[in-house]
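Protein chains in written order, with our numbering: chain A, 1 to 347; chain B, 1 to 347.
Derived by calculation from the structure, the hints in this document are not laboratory data. None of these values were measured; they are calculated from a predicted model. Treat the hints loosely; a few may be bogus.
Copies of the same chain are indistinguishable here, so a pair counts whether it falls within one copy or spans any two.
Distance condition first, Cα-Cα at most 25 Å in a straight line; then the derived SDA-like pairs of lysine to any residue [said to hold, decoys possible]:
1. Lys76 to Asp120
2. Lys176 to Ser18
3. Lys6 to Cys39
4. Lys6 to Asp121
5. Lys48 to Pro320
6. Lys176 to Pro59
7. Lys76 to Gly154
8. Lys191 to Gln123
9. Lys6 to Cys283
10. Lys191 to Phe93
11. Lys6 to Ser115
12. Lys6 to Gly313
13. Lys6 to Ile173
14. Lys237 to Ile173
15. Lys266 to Pro320
16. Lys48 to Arg250
17. Lys191 to Glu162
18. Lys237 to Pro142
19. Lys237 to Glu3
20. Lys237 to Arg177
21. Lys76 to His284
22. Lys76 to Asn215
Here is how the chains run, residue by residue.
2 protein chains.
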Amino acid sequence: MSELRKDPIINRWVIVASERAKRPLTFPAAREKKSGGFCPLCPGNEEKTPEPIYTDWEPASSDESMRWRLRVVMNKFPALERDGVLAHQTGGFYEIMDGVGAHEVVVETPRHDESIADFDDEQALSLIHAYRERILALRRDPRFQYVLIFKNHGFEAGASLEHPHSQIIALPIVPKRVHEEMMGAEAYYAKHRQCVYCEMIQHEIDEGRRIVLENSDFIAMAPFAARFPYETWILPKRHETHFEDLDGERRVKLAVILRDVLSRMKNILNDPPYNFMLHTSPCHESDAPCRYHWHLEITPKLTRVAGFEWGTGFFINPMPPEIAAELLRGEHPDSMPAEPVVLREEK
Amino acid sequence: MSELRKDPIINRWVIVASERAKRPLTFPAAREKKSGGFCPLCPGNEEKTPEPIYTDWEPASSDESMRWRLRVVMNKFPALERDGVLAHQTGGFYEIMDGVGAHEVVVETPRHDESIADFDDEQALSLIHAYRERILALRRDPRFQYVLIFKNHGFEAGASLEHPHSQIIALPIVPKRVHEEMMGAEAYYAKHRQCVYCEMIQHEIDEGRRIVLENSDFIAMAPFAARFPYETWILPKRHETHFEDLDGERRVKLAVILRDVLSRMKNILNDPPYNFMLHTSPCHESDAPCRYHWHLEITPKLTRVAGFEWGTGFFINPMPPEIAAELLRGEHPDSMPAEPVVLREEK
Numbered sequence: 001m002s003e004l005r006k007d008p009i010i011n012r013w014v015i016v017a018s019e020r021a022k023r024p025l026t027f028p029a030a031r032e033k034k035s036g037g038f039c040p041l042c043p044g045n046e047e048k049t050p051e052p053i054y055t056d057w058e059p060a061s062s063d064e065s066m067r068w069r070l071r072v073v074m075n076k077f078p079a080l081e082r083d084g085v086l087a088h089q090t091g092g093f094y095e096i097m098d099g100v101g102a103h104e105v106v107v108e109t110p111r112h113d114e115s116i117a118d119f120d121d122e123q124a125l126s127l128i129h130a131y132r133e134r135i136l137a138l139r140r141d142p143r144f145q146y147v148l149i150f151k152n153h154g155f156e157a158g159a160s161l162e163h164p165h166s167q168i169i170a171l172p173i174v175p176k177r178v179h180e181e182m183m184g185a186e187a188y189y190a191k192h193r194q195c196v197y198c199e200m201i202q203h204e205i206d207e208g209r210r211i212v213l214e215n216s217d218f219i220a221m222a223p224f225a226a227r228f229p230y231e232t233w234i235l236p237k238r239h240e241t242h243f244e245d246l247d248g249e250r251r252v253k254l255a256v257i258l259r260d261v262l263s264r265m266k267n268i269l270n271d272p273p274y275n276f277m278l279h280t281s282p283c284h285e286s287d288a289p290c291r292y293h294w295h296l297e298i299t300p301k302l303t304r305v306a307g308f309e310w311g312t313g314f315f316i317n318p319m320p321p322e323i324a325a326e327l328l329r330g331e332h333p334d335s336m337p338a339e340p341v342v343l344r345e346e347k
Numbered sequence: 001m002s003e004l005r006k007d008p009i010i011n012r013w014v015i016v017a018s019e020r021a022k023r024p025l026t027f028p029a030a031r032e033k034k035s036g037g038f039c040p041l042c043p044g045n046e047e048k049t050p051e052p053i054y055t056d057w058e059p060a061s062s063d064e065s066m067r068w069r070l071r072v073v074m075n076k077f078p079a080l081e082r083d084g085v086l087a088h089q090t091g092g093f094y095e096i097m098d099g100v101g102a103h104e105v106v107v108e109t110p111r112h113d114e115s116i117a118d119f120d121d122e123q124a125l126s127l128i129h130a131y132r133e134r135i136l137a138l139r140r141d142p143r144f145q146y147v148l149i150f151k152n153h154g155f156e157a158g159a160s161l162e163h164p165h166s167q168i169i170a171l172p173i174v175p176k177r178v179h180e181e182m183m184g185a186e187a188y189y190a191k192h193r194q195c196v197y198c199e200m201i202q203h204e205i206d207e208g209r210r211i212v213l214e215n216s217d218f219i220a221m222a223p224f225a226a227r228f229p230y231e232t233w234i235l236p237k238r239h240e241t242h243f244e245d246l247d248g249e250r251r252v253k254l255a256v257i258l259r260d261v262l263s264r265m266k267n268i269l270n271d272p273p274y275n276f277m278l279h280t281s282p283c284h285e286s287d288a289p290c291r292y293h294w295h296l297e298i299t300p301k302l303t304r305v306a307g308f309e310w311g312t313g314f315f316i317n318p319m320p321p322e323i324a325a326e327l328l329r330g331e332h333p334d335s336m337p338a339e340p341v342v343l344r345e346e347k
């Protein structure tokens, strides 16, 4: 029998239905992996992207020229544009605003075929640094209410370019999803005088079954009401509202646990397409009244979101998170890299 | 410059960014269409599906045997199961319920290669009848709070089987999305003493730009804050809370407008993958206090939902709904069937 599980923060139900993974599929699922042609993000093609906003250089070597390790550039095809005044039109039946914001691309490495899963500690830290620096810079603009950092890896997860990159979008409004989580955390606090995320972390450490990885400062866990197979959240153990408040030592810990989780996914799930999204507090939210707890959500894209999800806002997940965590810990007999565990639906 | 548009019902913002459609794509997008092998939903294989719950027979002919035109069967791999008592466990930190519900498959036609877009009026009406009959039957079960009807057409839209079918899921809880829409409609009513959907329909008829099709009882329109390219909603012009209250004459009108919209999408967009979802009031919601207005949402799947959407609950739509409506009306110079308009990203 399947189970209905409720997310403790935003009251979103998930149907955990492991029998669903066995259903037949008459569509042939072709997963194209090969990239085609010219890459505008590769070294040598820097003039194809707008001027860099931020560059992390390789440590000086015997080489003549400086080499970049990571660069942040403006998106050439931005969803929102930097210039403009925030004009809010509320006249008439509908509400509309000019698309003012920022849309940046983080080129994570000069190497086209590498991914975060393959990074060394230095490279992983360089990425976390870049995210933090860009948030600190963008939040100075009073027009921006929120800075979203996210990554689309692989075609099925929405990437248009194969070269490893993540994206930064600064928004003039607080996202619906973040607002829901803040309201959920606020309601929990009003009732229990505790941060719901801190309580959840403690509960998960006590129970242990859904933990993927852990270090002194961070936990990587499969959430109880996971929407997607192998969904994994990384949370700071210490209560913290804003990602950008992370100190230097803990940035290293985050870089390492993020790389390690992605590396396990790559090895055990055969380099799956995935998204990750940083959920942090709005720019102008002070720490004091906000009960929010920043975290990173990683969602492999092995199932397809369809009519049920769009019609309900609920999800059907054929993979119990306890088994997903066991597999990602490497404790399950099926988790040998030689025999990648992929849902039958996607084969 | 792109625009931020707010859905008038649930305060969901959408970025309408037509420049985004021009961005390059280094992934080759292979759209596999061919089906493979045995189909459990084709005539002759009836024993491969569970016993039918509902069958619509072809009118009697000179033929010996009766032929079905449409059948509804239990899903062989159900997300929720019919048997069981609703056990709600609230002890501990998390909330959990047994997966009690119903999951049915509507086999829309005996013909494997046909689709609703090709139906004649009789077949289209047969489908609407089946949806209504199943809702009327399922709402009698006091364990079910909501009946969702939806369709996944094409692999990219989540279909596992190619044979034309839709799905019915009865849930022991009211979906988050429906709850949000009801709350939005309630809040609008409290302020304006009007149904927000009725007001929207009037506004759209006055303006005209986003109308796709119209008859005496229904309007098909591109919503102002469309999440997806060519997203189209079909709404009854008369205020009505529950889909199943539709009388016979208006069921014919709905069948015809649904078939016509899907037929235009098939011709103009080259048989795109799509989802549709019926949004109607919960089973045990009486008409009186509920300000909700049932409708059908059709969402072609031409873009990929990615990190931005998951992280925010907002959407980026590269196709302004005014242009989408113009194309679907057949008034735009590009809307010739010989030159299908498909977003460059998906080519």
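The hints, checked one at a time:
1. Lys76 to Asp120: Result: close neither inside a copy nor across copies, 29 Å intra and 47 Å inter.
2. Lys176 to Ser18: between (30 Å within a copy, 22 Å between copies)
3. Lys6 to Cys39: Intra 43 Å, inter 36 Å, cutoff 25 Å: neither.
4. Lys6 to Asp121: Close neither inside one copy (36 Å) nor across copies (42 Å); limit 25 Å.
5. Lys48 to Pro320: For Lys48 and Pro320, neither the intra-copy (45 Å) nor the inter-copy (28 Å) Cα distance is at most 25 Å.
6. Lys176 to Pro59: neither (41 Å within a copy, 51 Å between copies)
7. Lys76 to Gly154: Classified as within; 20 Å inside a copy, 32 Å across copies.
8. Lys191 to Gln123: Intra 42 Å, inter 54 Å, cutoff 25 Å: neither.
9. Lys6 to Cys283: between (29 Å within a copy, 21 Å between copies)
10. Lys191 to Phe93: between (38 Å within a copy, 13 Å between copies)
11. Lys6 to Ser115: Neither. Shortest intra-copy (33 Å) and inter-copy (36 Å) distances fail the 25 Å Cα cut-off.
12. Lys6 to Gly313: This pair counts as both: shortest intra-copy Cα distance 12 Å, inter-copy 18 Å.
13. Lys6 to Ile173: Intra 27 Å, inter 11 Å, cutoff 25 Å: inter-copy only.
14. Lys237 to Ile173: neither (28 Å within a copy, 33 Å between copies)
15. Lys266 to Pro320: within (19 Å within a copy, 38 Å between copies)
16. Lys48 to Arg250: For Lys48 and Arg250, the Cα distance exceeds 25 Å both inside one copy (35 Å) and across copies (57 Å).
17. Lys191 to Glu162: For Lys191 and Glu162, neither the intra-copy (46 Å) nor the inter-copy (49 Å) Cα distance is at most 25 Å.
18. Lys237 to Pro142: neither (30 Å within a copy, 43 Å between copies)
19. Lys237 to Glu3: neither (28 Å within a copy, 39 Å between copies)
20. Lys237 to Arg177: Cα proximity of Lys237 and Arg177: one copy only (22 Å, versus 32 Å across).
21. Lys76 to His284: For Lys76 and His284, neither the intra-copy (28 Å) nor the inter-copy (51 Å) Cα distance is at most 25 Å.
22. Lys76 to Asn215: neither (38 Å within a copy, 43 Å between copies)
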